[in-house]
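Number of protein chains: 2
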Amino acid sequence: MKVKRQNISEGFLFTDQYELTMAQVYFRMGMQETEVLFDHYFRSYPDYGQHKAGYCINAGLEWLVDWMQKVRFTQQDYDNLKAHTGSSHKPLFHKDFLDWLKAYGSYDSLSLQAIPEGRVIHPHEPLTVIRGPLGPAQILETALLNQLNYQILIATKASRIRLAGNNQLFIEFGARRGQDRGANAGARAALIGGADYTSNTGISYNLGFPPKGTHAHSMVQLFLSLGYSEEEAFQAFADVFPDDCILLVDTIDTLKSGLPHAIRIFEKLKKKGHQPLGIRLDSGDLAYLAVQAAKMLDKAGFTEVIIVLSNELDELNIWQILQQIKVDGMQNGLDPDQLIKRLIFGVGTRLITSAGHPALNGVYKLTAVKDNGSWKPALKISESGEKVPNPGRKKLWRLYDKRGKATADLISQAEEDPSQAESIELQHPFLSEKRRTLPKKDISKIESLLIPIVKEGKKIYNFPSIEEIRKIRDADIQQLDAGVKRIINPHLYHVSLTSELGRIKREVIESLKKDKR
Amino acid sequence: MKVKRQNISEGFLFTDQYELTMAQVYFRMGMQETEVLFDHYFRSYPDYGQHKAGYCINAGLEWLVDWMQKVRFTQQDYDNLKAHTGSSHKPLFHKDFLDWLKAYGSYDSLSLQAIPEGRVIHPHEPLTVIRGPLGPAQILETALLNQLNYQILIATKASRIRLAGNNQLFIEFGARRGQDRGANAGARAALIGGADYTSNTGISYNLGFPPKGTHAHSMVQLFLSLGYSEEEAFQAFADVFPDDCILLVDTIDTLKSGLPHAIRIFEKLKKKGHQPLGIRLDSGDLAYLAVQAAKMLDKAGFTEVIIVLSNELDELNIWQILQQIKVDGMQNGLDPDQLIKRLIFGVGTRLITSAGHPALNGVYKLTAVKDNGSWKPALKISESGEKVPNPGRKKLWRLYDKRGKATADLISQAEEDPSQAESIELQHPFLSEKRRTLPKKDISKIESLLIPIVKEGKKIYNFPSIEEIRKIRDADIQQLDAGVKRIINPHLYHVSLTSELGRIKREVIESLKKDKR
Chain C
438 MKVKRQNISE GFLFTDQYEL TMAQVYFRMG MQETEVLFDH YFRSYPDYGQ
488 HKAGYCINAG LEWLVDWMQK VRFTQQDYDN LKAHTGSSHK PLFHKDFLDW
538 LKAYGSYDSL SLQAIPEGRV IHPHEPLTVI RGPLGPAQIL ETALLNQLNY
588 QILIATKASR IRLAGNNQLF IEFGARRGQD RGANAGARAA LIGGADYTSN
638 TGISYNLGFP PKGTHAHSMV QLFLSLGYSE EEAFQAFADV FPDDCILLVD
688 TIDTLKSGLP HAIRIFEKLK KKGHQPLGIR LDSGDLAYLA VQAAKMLDKA
738 GFTEVIIVLS NELDELNIWQ ILQQIKVDGM QNGLDPDQLI KRLIFGVGTR
788 LITSAGHPAL NGVYKLTAVK DNGSWKPALK ISESGEKVPN PGRKKLWRLY
838 DKRGKATADL ISQAEEDPSQ AESIELQHPF LSEKRRTLPK KDISKIESLL
888 IPIVKEGKKI YNFPSIEEIR KIRDADIQQL DAGVKRIINP HLYHVSLTSE
938 LGRIKREVIE SLKKDKR
Chain U
438 MKVKRQNISE GFLFTDQYEL TMAQVYFRMG MQETEVLFDH YFRSYPDYGQ
488 HKAGYCINAG LEWLVDWMQK VRFTQQDYDN LKAHTGSSHK PLFHKDFLDW
538 LKAYGSYDSL SLQAIPEGRV IHPHEPLTVI RGPLGPAQIL ETALLNQLNY
588 QILIATKASR IRLAGNNQLF IEFGARRGQD RGANAGARAA LIGGADYTSN
638 TGISYNLGFP PKGTHAHSMV QLFLSLGYSE EEAFQAFADV FPDDCILLVD
688 TIDTLKSGLP HAIRIFEKLK KKGHQPLGIR LDSGDLAYLA VQAAKMLDKA
738 GFTEVIIVLS NELDELNIWQ ILQQIKVDGM QNGLDPDQLI KRLIFGVGTR
788 LITSAGHPAL NGVYKLTAVK DNGSWKPALK ISESGEKVPN PGRKKLWRLY
838 DKRGKATADL ISQAEEDPSQ AESIELQHPF LSEKRRTLPK KDISKIESLL
888 IPIVKEGKKI YNFPSIEEIR KIRDADIQQL DAGVKRIINP HLYHVSLTSE
938 LGRIKREVIE SLKKDKR
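Going down the list, the sequences are from chains C and U. Quick note, my numbering runs 437 ahead of the 1-based positions in the first sequence. Quick note, my numbering runs 437 ahead of the 1-based positions in the second sequence.
Calculated from the structure, these hints are not laboratory results. Misleading hints may appear alongside valid ones.
Intra- or inter-copy, both count: the list cannot distinguish identical chains.
As the list claims (entries may be wrong) - Below, simulated DSBU-like cross-link-like pairs (lysine-lysine); rule was C-alpha separation at most 30 Å, straight line:
hint : residue 1 : residue 2
1    : LYS824    : LYS922
2    : LYS877    : LYS839
3    : LYS732    : LYS707
4    : LYS507    : LYS892
5    : LYS813    : LYS527
6    : LYS532    : LYS708
7    : LYS839    : LYS705
8    : LYS707    : LYS807
9    : LYS705    : LYS878
Using the sequences and the hints, build the whole thing.
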């Protein structure tokens, strides 16, 4: 987070060098203004090892567009590239190219279509489509992938954590474990995907949310070192925050020290007319301790006091804790559902790093080139069918069944409108023999998913607030089948091509294979 | 990477809220100026699953100090905290505390000692020690952990990749897979730990390095879409970069299309007096393809042309590729050592995310408090001995044996000087029965590792350049035993306490256990 010369590393040149060397080749060929399309999409759901996502949540778009509108190729960038020499000690970048960058080095010429933030998304479908001159469209690649991939990854993880946690309140705690200021992007994505709040103060105020947090072990330690007791530390906290008093009870011994001390403090608060808020458990067997803590709190009359759980949580741990509480709570004479309703989860490391799957395999691929006024599909042939992009100008549709559940996403050619067809043929995106036909009568709604966001550099979309994005998210998740939302071994949601797009894809592959001369 | 209001989320309030609520408690108790010590240390080496680190590389310090010197509590921060209400709808932060923050909200009162960047480091030892008034020392926690943990993690991974790659040139490729601008911190840490270059352009110029990069599949795709051939795409690239021509040969078919085309281009370059630079392989069986590519290049007389390998590489993959090349190269009539010497590795996702272990478990723990003029040790008792910090003011020493190899690190009390003792007792950091005595005659050097960096806000250290840091790193790695450097199942390096520090630690734990009233 070196502040000096930050503008060099976070501006227009926040990109891989090969984008610039390619741009210079295009410039030399006179292709820098050739109109092209690039698709951003991901190839597979995050697979965390013992569990796997069955859907993703889109995120990152507003920050990307904000950045694209702000950055400019500067004189400093010019000077840096000019001084860069290659193997022959001659300048790698030539004066005419640098002058072109100086004149056109911005993203003001690009148009952008995208699926809005908060929406459920799936592999192989175009999430963000960039259209415009080849030069800037190519140079954008690195920064676009950097900003979209990470926020999608974290919004997805946060959504899973929310589902596993029975929709209980959940707070993002990961600032200390993120990648430098990337932690702020992670906090935003968590808020979009499922977290109610974040402990990260600055980004909370930036986004207009209150941050959340109480105290750490170090507060109790400090009091102990100065000759005070744990209870006196709690008392000091309660005095300053009588109506927001959540006490961390595991510095010395959770059940023998922390909880009895907390209960005594809560009794004093109650006498003074305050409502004690909660306790936090940050070590040990959280399910066992939550049950024991609830018993002790109930016995003392604090049935409303919340229990915050933290420490290496993720969707799988939370799911297991809830399962254990359902059994243990009952055996301990508690209503498990009641107990679960008083839980709050604090989730740090495993959310901000998307532990088990720390990077979305999102890619940015050239899909079409305008040549003599008409669009030509472009693609790369690779040995694995899964890696072949879907060529050309496309549209993306979501099909809902009679129950109102999303049943498949369909990628079509730009000119097609499946909502006008009698029946819809769904073809597997890379196994052309796998296909099925859906009669129109089984479909209750066909929705077009890509929205125009930027037109030639001009924003033509009002970005929704985080609260509005969450409503979009909740509606989409509501429309997913339970099997797709399963934390472990989810049912596979279908993303298909229209038969027309499937045909074109096969044609392009064949024509490229012939080109192997 | 939203640019608007970036100063809110990247300045003084880039911290968890609980640091601020605790600071308010300290302020209310009149403790905000109490002098304290916090240690930053990590608890265990990164464990990537199938392989594990036996040492780490320190990094992140210069950027942390730069940030600490720059940030200030601003009027905007004041207004945000002032408007923040709690459960009772009353302000959570009080006017007197906010006024104190306005007057003293900076890190100008803190002193910082640390192990320099690039040095080999181990678990449980104090890497950075903060000394100063409790208020700012507490608030610093989140940003310090955020900035140091991540760079240590990536410098460590980069060091392992360099070792696994036989010290061949290696380039960091991960900008698109990092967490937003955290990718810049990752690139810097990679350059410190083992990468020679990064493809990330902005951060390269920021740090004064040339970025590296050639072209992507999209360049070949584009030419194909416009009716040109792969060879014509290569030709265009070679025309613009005749002396820096590295061609990506796997867009269509590596051995049948890419390589024959590249060789034809290289022949033309050679005729014109240029030295063709290399090819890049980015898919398929990289070991097999590297051998086949070398054979084809050799046959065409291009024995010097380098072979860049990329695609999901990490230390384990690289190590396995080199093993395979040693066998396959021989069977194909090539000198495997010759072949390995022409390899360059491009490492992206798995480096920038430290795949398998995406967060260092670095912590920042209160270790001592000044009370009535004397330092009192502070610690937290936890159920796991490994989690108990080493209390009090300390020094850190590295002991070298007669071969000049580092044999153990030793943590002592601040007043101790093991270099003056006749023999040195090494005690296990949390298993007090495990100890051994090292006679002075077996030790060739005892080195003190912590250096004063900042004194009450004033920088008193000249941060070395990346090149100088690399020399520090290479010297330290040279002094490590081969077993400690092993990629898989490394030998355990000893980090010990002096018997005096061990005794104090046991005493503090006992006295705290008695406190469970």
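**Q.** Hint numbers contradicted by this structure
**A.** Numbers 5, 7, 8 and 9, in rising order.
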